[in-house]
Amino acid sequence: MTDIITSIIAGGVLLSVTILFVSIGEIYNERAGVINLGLEAIITLSAFVGLWVTFKTGNFFLGTLAAIVAGAGVGLIHSFTCVKMRVNQLIAGLLILSLANGLANFLNFTANQETVPIVTILPNIYIPFLSDIPVLGEILFQHNLFVYLAYFLAIVFGLILYKTSWGLKIRAVGENPEACDAAGINVNLIRHLCDIFSGAMAGLAGAFIALGDLGLFDSSMAGNRGWIAIVVVIFSRWSPFRAILGSMLFGIGFSIAANLIGAGIITSYWIYLINAMPYIVALVVIVLFRGTTKAPAALTVPYWRK
Amino acid sequence: MVKELEYKKIKTEKNFFFKYQNYLSYIIGLFLAIIVFSVTLLLLGYDPINALLSIPTGAFGRLDNISATLIRFIPLLLTALAFLIALKARFMNLGIEGQLYIGALLAYLVGARMEMVPSFIAIPLVIIVGFIGGVLWLAIPLIMKTKLGVNEIFSTVVMNFIAIIIISWLTVGPLKDPGSLLPRTPFLPESTWMPKIDPQYRLHVGIFLVVIIALILYIILNKTTIGYKIRAVGQNPRASEHGGVDVTRVVITAGLLSGGIAGLAGFMEVFGVHHYLFGGFSPGFGYIGIAVAALGMFHPIGVIFTAFFFAVLQIGGTYMQQSAGISIDIIFIMQAVLVLTVLIVQKWMTTRNSS
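These protein sequences, in sequence, are chains V and A. The first sequence begins at 1 in our numbering and counts up by one. The second sequence begins at 1 in our numbering and counts up by one.
Rather than coming from a laboratory, the hints here were simulated on the basis of the structure. Do not take every clue at face value.
Straight-line alpha carbon distances no greater than 25 Å define the calculated BS3-like cross-link-like pairs of lysine-lysine that follow [to be verified]:
1. A:Lys147 x V:Lys84
2. A:Lys347 x V:Lys294
3. V:Lys294 x V:Lys169
4. V:Lys163 x V:Lys84
5. V:Lys56 x V:Lys163
Simulated restraints on C-beta separations [stated by the list, open to error]:
6. A:Ile66 x V:Asn124: 37 to 47 Å
7. A:Met349 x V:Asn124: 49 to 59 Å
8. A:Val172 x V:Phe289: 49 to 59 Å
9. V:Ser219 x A:Ile66: 41 to 51 Å
10. A:Glu190 x V:Asp3: 31 to 41 Å
11. V:Ser219 x A:Met349: 52 to 62 Å
12. V:Leu214 x A:Arg113: 17 to 27 Å
C-beta: ideal position from N, C-alpha, C; glycine also.
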């Protein structure tokens, strides 16, 4: 029994990494007043790009970099559409979703006519001493580089958001763009950068799935985790620190379903319904967190000088 | 000043078909979409001219293809209408995909028990049940929005995932056809199938129904009091509240229409095309419908044209994939580029004129 619980939680940590990467980026984006609904597909696209580049060059670093650039590129298209041209952010995000999904599947289809790209995934790093702790070690300290990176970045970007003047500017731009503009802050520049950053983080998440988790491409490999990340942003009340907790919650939720089905504990088809659990939790989160928290005041509202 | 602006807005809506900017944006959008299409294919070593020409061939080449195109037109038009009617009342219904599945499911559950019922009773009944199914699935986010103030964007998306899991579970488990290896239900009784227009082709009478629904929505939106209220709430909820409009009620009305129409889209696919229920019968119609609606400028008549255009692209694209070995995904890329460009150009022109 402890085996199952350990593997559920360890699997949860692994599944939470994607969510965490994406939600850090989206927190910055929403703090600056922009929401990108296309993240799910940006993960898929950059996962393919990362996989393919790694497959061709044999270099994980180049693959990861390519995935980040691909994500940032799609983020740039979104920011051009919504921040510069002021098209409705939600509709633009959904169009970006189908654009990036189409691109990912198209590239995969075309690549598969030659070869099917497969890479061996990054090896796990056993942190000395800490990984020897009986249960905790297996859960926390026996993962690959991406996992540690995710938690590290969550803390770093949390600190940047709350402790630096850059973070202050980002938060201010999402709350009161008029005042920021009057104070000489370039509102739309910050929004562009945050939108591109959120694309880049989704790209990193894609690189993790492709290079650190699966090692191959599947068009549904993002597994709705890009959408769940947007719910985690609400759950974490727009804080990268709390996003760690939120992504763990949903990661473990997904992991329970995967492990119970995988272990064959309950063989009846009823078990299938357990897949819905993370989404039901997501609904509860949306309902519970509606009043206790306030979204950035200028979220989804474009800014221009009147 | 405010009044003047609103007057201007209503006036431009009426002159939708006469504004040259709209046509210009479509021309630029199409141009860019074709450029993206051709350059991508050229880079990968395909012949773009042949690929482009295979789209109309695939969509209209033979009567079979025309029938397939018109069948694809049905769910695209319905999902676009479902999205735009809710949007008019400022309700972002991103849950059309889920409502479509649950509408189909509920209609299936009723339809499967209708072996003895004659068609002229069974078919109208399952249509209504399909509508109700979509309504029920939207009711949860709708109540959450109007009673608790929960943002509908996330709740509707999450409801999609739950709906898809329920359908997959049912078609793997309780509703599975024991005689089939695939995860799908048994066939519906033939008395509940949507009647075909010509027995040789798959096209069914739903095609007339959806166009009528579009016209009815146009009339509701533009010629009735409730339509006027929906548009008023959409343009300025607070002002309409002061003007004595029950905003909650208007949002609920528009929302229920939206969910019901989404449910009908699922009904049409299952009762008109497949005649049984299975997990992936919608290739994301709910999301494509949003692009169709945006391209049609959220106009109930405009989306008839854009839904047809998307259907042509998709059926033509399927043919292109089979004949030239080019992935149909290039069509989805093209569609997204087209709609994004049209939205950008239109926004650019309106802001340029007003400032």
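Do the hints match the structure? See the list:
Between Lys147 (chain A) and Lys84 (chain V), the direct Cα distance comes to roughly 35 Å. Violation of the 25 Å bound is thereby established for this hinted pair. Between Lys347 (chain A) and Lys294 (chain V), the direct Cα distance comes to roughly 29 Å. Violation of the 25 Å bound is thereby established for this hinted pair. Simply put, Lys294 (chain V) and Lys169 (chain V) have alpha-carbon atoms about 18 Å apart, close enough for the 25 Å limit, and the pair holds. A distance of roughly 29 Å separates the Cα atoms of Lys163 (chain V) and Lys84 (chain V); the hinted pair therefore is violated under the 25 Å criterion.
For a cut-off of 25 Å, the pair hint linking Lys56 (chain V) to Lys163 (chain V) is broken: about 41 Å separates their Cα positions. Against the hinted window of 37 to 47 Å, the Cβ-Cβ separation of Ile66 (chain A) and Asn124 (chain V) comes to about 57 Å, which falls outside the hint. Remark: the range hint 49 to 59 Å for Met349 (chain A) to Asn124 (chain V) is upheld by a beta-carbon distance near 55 Å. The hinted range of 49 to 59 Å is not satisfied by Val172 (chain A) and Phe289 (chain V), whose Cβ atoms lie roughly 33 Å apart.
Look at Ser219 (chain V) against Ile66 (chain A): about 30 Å separates their beta carbons, and that is not inside 41 to 51 Å. The hinted range of 31 to 41 Å is not satisfied by Glu190 (chain A) and Asp3 (chain V), whose Cβ atoms lie roughly 53 Å apart. Roughly 36 Å separates the CB atoms of Ser219 (chain V) and Met349 (chain A), a value that falls outside the hinted 52 to 62 Å. For the pair Leu214 (chain V) and Arg113 (chain A), the beta carbons lie near 43 Å from each other, so the given range of 17 to 27 Å is not met.
The earlier numbered hints that this structure contradicts are 1, 2, 4, 5, 6, 8, 9, 10, 11 and 12.
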